[in-house]
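Trainee: The chain contents come next:
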Amino acid sequence: MKQLMLGNAAAARGLWEAGVCVVSSYPGTPSTEITEEAAKYDEIYAEWAPNEKVAMETAFGASLAGKRSFCGMKHVGLNVAADPLFTCSYTGVNAGMVIVVADDAGMHSSQNEQDSRHYARSAKIPMLEPADSAEALAFAKKAYELSEQFDTPVFLKMCTRIAHSQSIVETGERVEAPVKPYQKNIAKYVMTPANAIKRHPIVEERTKKLAEFAETSDLNRIEDGADKSIGIITSSTSYQYVQEVCKGQFPVLKLGMIWPLPENKIRDFAKSVQKLVIVEELDGFIETYVRELGLDCCGKEAFPLLGEFSQNLIAEKLEQPVHTGKALDEALPGRPPVMCPGCPHRGLFYTLAKNKCTVLGDIGCYTLGAAPPLSAIEMTLCMGASVSATHGFNKALGKESEGKTVAVIGDSTFMHSGMTGLANIAYNQSNSTVIIVDNSITGMTGHQQNPTTGYNIKGDPAGKIDLESLCKAMGIRRVRVVDPYDLAACDAAVKEELAAEEPSVIISRRPCALLKYVKHNAPLKVNTDKCVGCKSCMKIGCPAISIKEGKAHVDDTLCVGCGICTQLCPMDAFESTGKEA
Amino acid sequence: METKNIMIVGVGGQGSLLASKLLGKMLLEEGYDVKVSEVHGMSQRGGSVVTYVRYGDKVYSPIIDKGEADFIVSFELLEAARWMEYLKPGGQIVTSTQQIDPMPVVTGAAAYPEDLVAKMKASGAKVDALDCLALAKEAGSSKAVNLVLMGRLSHYFGMADEVWQKAIETSVPAKFLELNKKAFELGKNA
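The listed protein sequences correspond, in order, to chains A and B. The opening residue of the first sequence carries number 1 in our numbering; numbering runs sequentially from there. The opening residue of the second sequence carries number 1 in our numbering; numbering runs sequentially from there.
Rather than coming from a laboratory, the hints here were simulated on the basis of the structure. No experiment lies behind these values; they were computed from the predicted model shown. Fair warning: there could be bad hints in the mix.
[What the hints assert, rightly or not] Using 25 Å as the maximum straight-line C-alpha spacing, the simulated DSS-like pairs for lysine-lysine come out as follows:
#1 Lys66/B with Lys317/A
#2 Lys579/A with Lys88/B
#3 Lys88/B with Lys317/A
#4 Lys4/B with Lys2/A
#5 Lys326/A with Lys175/B
#6 Lys121/B with Lys326/A
#7 Lys143/B with Lys326/A
#8 Lys247/A with Lys4/B
#9 Lys58/B with Lys2/A
#10 Lys175/B with Lys579/A
[Unchecked claim] Short derived list, chain B residues pointing at chain A, Cβ under 7 Å:
#11 Gly24
#12 Tyr32
#13 Val34
#14 Gly47
#15 Pro62
#16 Ala81
#17 Gln99
#18 Met103
#19 Lys121
Glycine included, C-beta positions come from ideal geometry on N, C-alpha and C.
Full structure from sequences and hints, please.
Mentor: This is the structure:
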């Protein structure tokens with residue numbers, strides 16, 4: 001049936017049609033929906049793992065056991081999983097194993113814009129790169145064939161515009177992949193030096209064979225054009241921009257297999273045109289290879305290393321007509337993302353800002369604590385870094401920093417890689433305070449369950465890790481829980497734990513205000529007879545509160561009655577509207 | 001047919017997803033090649049969000065660039081102005097007059113610009129601005145702004161009424177069908 005499908009949903013459909021049985025992933029924009037969609041198919045066992053390394057190892061284990069498996073992650077997640085990645089390239093697979101890595105050029109929702117294609121080359125793992133939803137589906141299926149044919153894990157590389165665009169797909173039926181019985185094979189699967197040294201040449205030989213495959217595979221196709229003054233090599237979303245602009249004027253070598261690259265196909269294509277142009281987002285990955293072949297080309301000298309491309313950018317570089325529109329003549333105020341009304345993180349960050357704490361932050365919605373007016377967070381690096389970096393900060397400065405420095409990390413991020421940092425604090429005894437902002441969900445990526453929520457990916461009851469017990473078991477004696485809606489309790493907890501002469505953990509606990517089961521209070525309103533316009537309530541950056549004609553004003557379509565502003569108001573001017581939320 | 005472009009813009013959390021779902025289904029049903037691009041993740045949290053809907057004989061790029069939009073459908077006034085540069089010459093803006101203060105306005109670092117409709121018109125854009133929130137409430141729910149805007153868009157869109165009706169029926173839960181149809185009519189006839 002012909003239907004519109006999100007790239008990520010199409011990839012998930014491809015997994016299902018390919019007979020995949022086990023899926024393990026950690027959520028990360030723009031990869032999350034693949035695993036969410038896969039979980040909807042009854043034939044697939046899908047789960048959220050605590051992090052990408054665990055997910056990849058789980059997928060590897062399932063492949064080893066003989067069933068087709070999958071793990072998906074965003075680009076930075078692949079850094080976390082890089083350890084199993086490089087060595088499962090050596091072991092190869094039993095049943096097919098596919099890894100999605102989704103890049104985020106333009107950093108719509110990421111802390112960097114690394115180009116994950118380099119992983120394919122350095123880990124010596126083939127990589128397919130779809131350019132729309134139909135290809136996401138088809139390439140996912142093809143990836144399993146290649147995985148089993150060449151005894152290797154296979155990358156399927158997505159990017160924001162492919163993952164989060166809907167285009168037309170024709171779906172097929174599921175074909176069950178026969179279970180490949182597990183067989184003990186120490187030489188293949190135990191990567192001691194003696195065994196691994198024999199696997200390495202097999203890997204190099206495999207890459208050669210895959211390169212031969214790439215020469216003739218229809219994954220790489222030439223779309224001819226009459227004007228041979230240039231020939232364009234491109235892939236993924238860049239291909240779409242190129243054809244949007246050129247409409248078949250120039251010959252295009254559209255690469256669907258991005259590693260290994262087809263040397264002869266590229267050489268022949270180069271011969272057929274006067275000048276080679278490489279159009280690729282982020283790094284000059286294809287360009288580097290083409291130059292290694294001794295071929296002259298135009299790549300990053302013209303096309304940016306930074307950000308996303310678009311049709312106008314390609315048109316400008318290829319000297320084609322560029323569309324222009326008319327902007328307003330005045331500068332408009334920006335609209336950066338903000339913590340939602342009723343966000344439980346707001347009260348905590350207000351407390352930290354008030355106490356002039358040095359806050360080392362982490363990855364999640366709460367990174368928005370760095371934005372004005374709270375401007376509380378001073379560092380965000382990667383998943384888990386808040387905890388380890390706070391330890392390092394305090395080891396470096398001792399008493400100078402211990403009494404005012406805190407780590408802030410979410411429940412899901414703590415399970416991902418904050419725990420090991422806490423182990424370091426407990427073991428090497430820095431006088432550090434870690435605040436786990438436990439909103440009972442993985443928020444930023446759109447509400448995924450995690451090991452602390454008590455539910456699995458399907459929303460069914462599951463194992464539940466108790467954060468208090470966990471921290472205590474790791475050797476932290478001072479563990480306390482506060483409600484971030486209670487500013488006085490937050491203030492006391494922060495002051496006392498920072499003053500304590502030993503490691504401590506504060507769990508700031510209240511479910512995300514967007515969760516369906518969370519009941520809200522009636523919206524508040526301002527009694528304008530009482531309000532003196534002191535703006536005390538404006539310190540928390542609540543999007544529901546503004547100043548209108550010198551007095552505070554509450555937008556009752558946004559307010560969820562959390563009451564943080566009420567605690568800040570010296571005039572007692574906030575009152576309930578009494579309206580049902 | 002040359003590719004046509006519709007941008008749906010607003011503030012994260014306003015729920016523009018139903019509008020793009022409805023348009024996507026309708027255009028697919030009409031036999032066009034269609035691409036719809038959405039924004040997920042960080043920028044959804046009260047930030048400026050945009051959805052691109054493109055259709056024609058063959059659609060390549062999933063996004064719409066400056067000067068290309070035939071229509072900009074906006075849930076919020078400032079967002080209509082922000083994305084105006086994406087409108088093609090002669091293109092049509094359909095916007096709700098709802099104003100949501102962005103954080104720089106909330107904190108007092110900037111002011112919400114005044115007379116945006118007049119300014120957009122003065123810049124040469126065709127602007128149809130109406131209080132969609134009031135019409136949605138009249139239809140029975142403030143969440144029906146989506147369908148009020150679609151009703152208004154249908155005015156300019158050149159698609160038969162029964163095609164819209166069918167798209168609404170297949171995109172909206174049965175429970176809310178009457179409400180949404182009413183919102184569509186109110187937008188169309190406003």
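Trainee: Hint by hint, say whether it matches the structure.
Mentor: Structure-based check of all given hints:
With a CA separation close to 16 Å, the supplied pair Lys66/B and Lys317/A stays within the 25 Å bound. Between Lys579/A and Lys88/B the CA atoms are separated by roughly 44 Å; this puts the pair beyond 25 Å, and the hint is violated. Among the hinted pairs, Lys88/B with Lys317/A is consistent with the structure: their alpha-carbon atoms are about 21 Å apart, no more than 25 Å. At most 25 Å may separate the alpha-carbon atoms for a hinted pair to count; Lys4/B and Lys2/A meet this at roughly 21 Å.
This hinted pair does not check out: Lys326/A and Lys175/B have alpha carbons roughly 42 Å apart, beyond 25 Å. A hinted pair counts as satisfied when its Cα atoms are at most 25 Å apart, and Lys121/B with Lys326/A qualifies at roughly 11 Å. Pair hint Lys143/B plus Lys326/A does not hold up; C-alpha atoms about 31 Å apart against a cutoff of 25 Å. Distance check on the hinted pair: Lys247/A and Lys4/B sit about 16 Å apart at the alpha-carbon level, within 25 Å; holds.
For the hint pairing Lys58/B with Lys2/A, the CA-to-CA distance comes to about 15 Å; that is within 25 Å, so the pair holds. Taking the CA atoms of Lys175/B and Lys579/A, the gap is near 24 Å; set against the 25 Å cutoff, the hint holds. Restraint check, Gly24/B versus chain A: the minimum CB separation of about 5 Å is within 7 Å; hint holds. Because the smallest distance between the Cβ of Tyr32/B and any Cβ of chain A comes to about 9 Å, over 7 Å, the interface hint for this residue is violated.
Proximity of Val34/B to chain A holds as hinted, the smallest CB-CB distance being about 6 Å (cut-off 7 Å). Because the closest C-beta pair between Gly47/B and chain A is about 4 Å apart, less than 7 Å, the hint holds. Interface hint status for Pro62/B: upheld, as the beta-carbon distance to the closest one in chain A is roughly 4 Å, under 7 Å. The restraint placing Ala81/B at the interface with chain A holds, with a minimum CB-CB distance near 5 Å, inside the 7 Å limit.
A least Cβ separation of about 10 Å between Gln99/B and chain A goes past the 7 Å threshold, and the interface hint is therefore violated. Hint status for Met103/B relative to chain A: holds, with the closest Cβ pair at about 5 Å, below 7 Å. Hint status for Lys121/B relative to chain A: violated, with the closest Cβ pair at about 11 Å, above 7 Å.
Hint violations for this structure: numbers 2, 5, 7, 12, 17 and 19, all remaining hints satisfied.
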